[in-house]
Every structure is written in C-alpha cells, then in structure tokens.
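Enquirer: So the chains spell out like this:
Number of protein chains: 2
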Amino acid sequence: MANSQTTSDEMALVVLSGGQDSTTCLYWAIDRFGAANVSTISFDYGQRHKIELECAARIAKHASVSNACLPINTFASLGGDALTDRRIAVDSQISAQGGLPNTFVPGRNLVFLTLAAAYAYQRGIDHLVTGVAQTDYSGYPDCREGTIRALQQTLRAGMESTVSIHTPLMHLSKKETVELAVQLGALPALALTHTCYNGKRPPCGECPACELRAKGFAEAGIEDPLLKTQ
Amino acid sequence: MANSQTTSDEMALVVLSGGQDSTTCLYWAIDRFGAANVSTISFDYGQRHKIELECAARIAKHASVSNACLPINTFASLGGDALTDRRIAVDSQISAQGGLPNTFVPGRNLVFLTLAAAYAYQRGIDHLVTGVAQTDYSGYPDCREGTIRALQQTLRAGMESTVSIHTPLMHLSKKETVELAVQLGALPALALTHTCYNGKRPPCGECPACELRAKGFAEAGIEDPLLKTQ
Numbered sequence: 002m003a004n005s006q007t008t009s010d011e012m013a014l015v016v017l018s019g020g021q022d023s024t025t026c027l028y029w030a031i032d033r034f035g036a037a038n039v040s041t042i043s044f045d046y047g048q049r050h051k052i053e054l055e056c057a058a059r060i061a062k063h064a065s066v067s068n069a070c071l072p073i074n075t076f077a078s079l080g081g082d083a084l085t086d087r088r089i090a091v092d093s094q095i096s097a098q099g100g101l102p103n104t105f106v107p108g109r110n111l112v113f114l115t116l117a118a119a120y121a122y123q124r125g126i127d128h129l130v131t132g133v134a135q136t137d138y139s140g141y142p143d144c145r146e147g148t149i150r151a152l153q154q155t156l157r158a159g160m161e162s163t164v165s166i167h168t169p170l171m172h173l174s175k176k177e178t179v180e181l182a183v184q185l186g187a188l189p190a191l192a193l194t195h196t197c198y199n200g201k202r203p204p205c206g207e208c209p210a211c212e213l214r215a216k217g218f219a220e221a222g223i224e225d226p227l228l229k230t231q
Numbered sequence: 002m003a004n005s006q007t008t009s010d011e012m013a014l015v016v017l018s019g020g021q022d023s024t025t026c027l028y029w030a031i032d033r034f035g036a037a038n039v040s041t042i043s044f045d046y047g048q049r050h051k052i053e054l055e056c057a058a059r060i061a062k063h064a065s066v067s068n069a070c071l072p073i074n075t076f077a078s079l080g081g082d083a084l085t086d087r088r089i090a091v092d093s094q095i096s097a098q099g100g101l102p103n104t105f106v107p108g109r110n111l112v113f114l115t116l117a118a119a120y121a122y123q124r125g126i127d128h129l130v131t132g133v134a135q136t137d138y139s140g141y142p143d144c145r146e147g148t149i150r151a152l153q154q155t156l157r158a159g160m161e162s163t164v165s166i167h168t169p170l171m172h173l174s175k176k177e178t179v180e181l182a183v184q185l186g187a188l189p190a191l192a193l194t195h196t197c198y199n200g201k202r203p204p205c206g207e208c209p210a211c212e213l214r215a216k217g218f219a220e221a222g223i224e225d226p227l228l229k230t231q
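Chains A and B supply the protein sequences, listed in that same order. If you're matching positions, the first sequence starts at 2 in our numbering and goes up one per residue. If you're matching positions, the second sequence starts at 2 in our numbering and goes up one per residue.
Check each hint, because a few of them may be wrong.
Heads up, incomplete: computed chain A residues facing chain B, CB under 10 Å, no partners named [stated by the list, open to error]: (1) LEU79; (2) GLN153; (3) ASN199; (4) LYS201.
To be clear, the hints were calculated from the coordinates, so they are not data collected in a lab. A quick note: this is a predicted structure, and the numbers were derived from the prediction, not measured. Glycine is no exception: its CB is placed at the ideal position from the N, C-alpha and C atoms.
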C-alpha cells in the first residue's frame with residue numbers, strides 16, 4: 002500500500018505462487034528495487050497442483066532471484082476438519098470459485114503475508130510484494146485494498162517494523178495486468194507460469210482460470226507466451 | 002477488544018496453550034458464554050515441550066469443553082532459516098525471554114490468531130479469546146492492545162466477519178491474573194497447567210517463567226495449586 006519512493010539498497014520479498022499475477026509482480030519488484038535486492042517466497046500448503054511450486058522455482062531462476070519455499074501443513078487440517086464438520090462455509094467458497102482445493106481457508110492470504118512478513122523481518126527486508134487484486138476476478142475479501150491496508154498496520158504494530166505491502170495489481174483488470182507484464186519485460190517469464198485449475202500443461206483452456214487468463218490476453222491483443230511454447 | 006454484551010447462544014473459541022494465562026481465559030470464557038458454547042484450540046508448532054499440548058487437552062477435558070489441535074510446521078522452517086542465516090533478530094528475542102525455543106518467529110501470535118479465526122469462521126464462532134497481556138512480563142509487540150485491535154480489524158475485513166478478539170488479561174498484572182483465576186473458580190484447573198521453560202514437572206522453580214508465576218501467586222497470597230499437587 003506504500004507509495005513512498007525507495008532507495009536502491011532497500012530489499013523486497015515477492016510472494017510468488019507460480020501464476021501470472023505474482024510473476025508480473027516479481028518483474029515489478031525487479032524494476033523498482035533491482036534484481037539484486039529482490040527475493041521470492043512460495044508456500045507449500047497442500048495445493049492441489051504441486052506444479053505451481055515448480056513453476057515458481059523456475060520463474061525465480063529465470064529472473065535470477067532466490068526462491069524460498071516454506072511448508073504450511075495447517076490448511077489441510079483446517080480444510081479437512083471443515084469437510085467433516087460444518088461444511089457450509091467452505092463448500093460455498095469452493096463452488097463460487099469453481100475449483101479451489103478443499104484446503105482453502107478463509108483469510109488464507111493473511112496467513113501467507115504474515116509468514117512472509119516474519120521471514121522478511123528476520124532478513125531486514127522491508128518491502129513485501131503481492132499480486133492480490135480486487136478487480137475483475139477476485140471475490141476474496143482478503144485480497145481487497147482495505148484488508149491489505151489493515152494487515153500492513155497489524156504487521157507494523159505486531160513486529161515493530163516499518164514493513165510496506167505493495168500491491169501493484171490491486172486496481173488493474175486482467176487486460177491491464179497483461180499490458181503491465183509487457184511493459185516490464187515479463188512476457189518470457191509468463192511462459193513459465195501455471196494458471197490451469199485442472200493442473201494441465203498445456204492448459205485445459207476450459208476451466209475458469211484458463212478462461213480468465215485467455216480473456217486478459219485477448220483484450221490486450223497479446224498472444225499468451227504459455228500457449229506459444231506448447 | 003470487544004466490550005459488547007453477548008447473548009447466551011454466541012460461541013467462543015479460546016486459544017489454549019496449556020499455560021496459566023490461557024487457562025484463566027478459558028474460565029473467563031466459560032463464565033461469560035457458558036461451557037456449552039466454548040471450545041478451545043491449540044497449536045502444535047514445534048514447541049520445545051510437547052507437555053504443553055498434553056496439558057491443554059487435559060485442561061479442556063477438566064473444563065468439559067472440546068480441544069482441537071492444529072499443526073503448524075512453518076515456524077520450524079522459519080526458525081531454522083533464521084539460525085543459519087541472519088540470526089540477530091531471533092537471538093535477541095530468545096535471550097530477552099530467557100529460554101524460548103528457536104522456533105520463535107516475530108508476529109507468531111498473529112499467525113495463531115489468524116488461523117484460530119479461520120477455524121472459528123468455519124464453525125460460525127464469532128468470539129476469540131486469547132491470554133495475551135501487555136503488562137508485567139510480555140515484551141512482545143504482537144501481544145499489545147494496539148496490535149490486537151489492528152488484527153481484529155484485519156480479520157473482520159479479510160474474512161467479512163464480525164469476529165471479536167477478547168483479551169481479558171491485557172492490562173492485568175500476574176497478581177491480578179491469579180486473583181481473577183480465583184474469582185472464576187479456575188484454581189483447580191491451574192494445577193493442570195504447564196509454565197516451566199525447562200519442561201519440568203514438578204516445575205524447576207528457577208527459570209524466568211517459574212519465577213514469574215511464583216511471584217504472581219505470592220503477591221496474590223495464594224498457594225499455587227500446581228505445587229500442591231507435586
């Protein structure tokens with residue numbers, strides 16, 4: 002949420018899921034802070050498709066930045082409990098999103114960002130970058146600007162830090178995100194990303210995630226490099 | 002942080018570590034919401050002494066409330082990384098607290114409470130209760146009132162919920178916490194708690210945690226039931 006100018010020796014940590022949005026954010030961070038000051042973090046939280054983590058590692062290597070992967074085994078327990086207990090809240094989120102794993106938990110991004118902040122704090126990194134967006138496609142309340150602003154305040158108070166959470170895509174449409182990726186020279190890296198809910202490579206082209214991605218590229222008048230490589 | 006009156010059918014989730022403070026909070030919650038509306042959650046995060054989790058389960062059983070235990074394997078990776086990487090921040094916190102496990106991470110309580118909030122959300126529970134306090138002994142910024150207030154706002158925004166975080170001990174001294182436990186009839190349950198940093202039963206009596214506990218009971222003029230049972 003911070004708009005302050007940064008000096009070249011400040012460091013940034015990008016939460017890298019291996020998807021299109023976080024990869025675009027990585028290149029935004031490299032553009033702003035310099036590759037030497039940027040590192041990435043991914044979370045192995047029981048996602049349905051481990052290919053996301055492989056993509057994240059490959060993208061980081063392509064961009065010449067480090068990639069740490071932290072395990073989180075809690076979501077699986079939370080999701081599992083929910084499914085055997087009171088399943089209404091979880092199920093409605095699954096169906097509304099058309100294919101989320103049953104390890105989805107409300108406020109998941111809050112956990113990711115809090116753990117990323119702890120990791121960053123231990124390394125003297127003051128800038129977190131995340132690809133959350135409240136436009137176009139994300140119905141998640143933990144992706145909205147108000148939530149991220151409140152979380153930044155919580156992290157600053159709770160860690161006595163001056164951490165800033167940057168959300169370069171917050172108000173961009175998918176089309177604008179593609180255009181930003183082009184501007185930042187991120188297009189070759191987008192060939193390495195993973196989007197498909199069905200975990201397919203080449204992508205299935207039919208799931209909501211593939212459709213949304215295709216729509217963004219089509220509206221931007223850009224060919225998706227992921228499809229070109231297949 | 003909420004002061005609103007609650008009706009008898011509202012439910013509360015107590016973050017139960019197995020220690021004196023969270024056990025007192027459990028009895029505070031039972032007093033306020035009724036035992037039938039109270040449940041507890043504990044976290045198996047790689048703490049040095051697993052006996053804490055056994056105590057939490059035993060205390061919940063004693064109080065006739067349920068106890069769920071969620072695993073968190075992330076802190077061990079974070080702690081481990083810190084010790085092999087930049088150890089300054091972590092070490093200073095360890096030494097200041099006289100014996101924390103090396104799995105301590107900054108903002109740890111934020112993660113606990115966020116996961117507890119996710120668990121509560123899935124079950125329609127609107128009240129979280131935690132034993133954090135900013136008086137007397139806790140130097141942790143993630144235990145302070147301002148942090149908890151910011152976190153409550155973050156959780157409400159990030160989960161579109163009306164969750165309230167209750168912190169009955171926030172401004173109490175250890176002496177006052179003991180007095181509250183007596184008022185609430187929690188003294189027998191305190192015999193089941195674990196405090197000692199050295200993981201000993203009977204407690205070592207010499208570590209900072211044992212000393213602090215002893216001081217609270219002495220100032221309140223109450224005999225510690227944990228010592229009576231040895």
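Enquirer: Taking the hints in turn, state whether each one holds.
Expert: Outcome of the hint check:
| no. | hint | verdict |
| --- | --- | --- |
| 1 | LEU79 | 6 Å, holds |
| 2 | GLN153 | 9 Å, holds |
| 3 | ASN199 | 26 Å, violated |
| 4 | LYS201 | 29 Å, violated |
The structure fails hints 3 and 4 (numbered hints given earlier, in ascending order).
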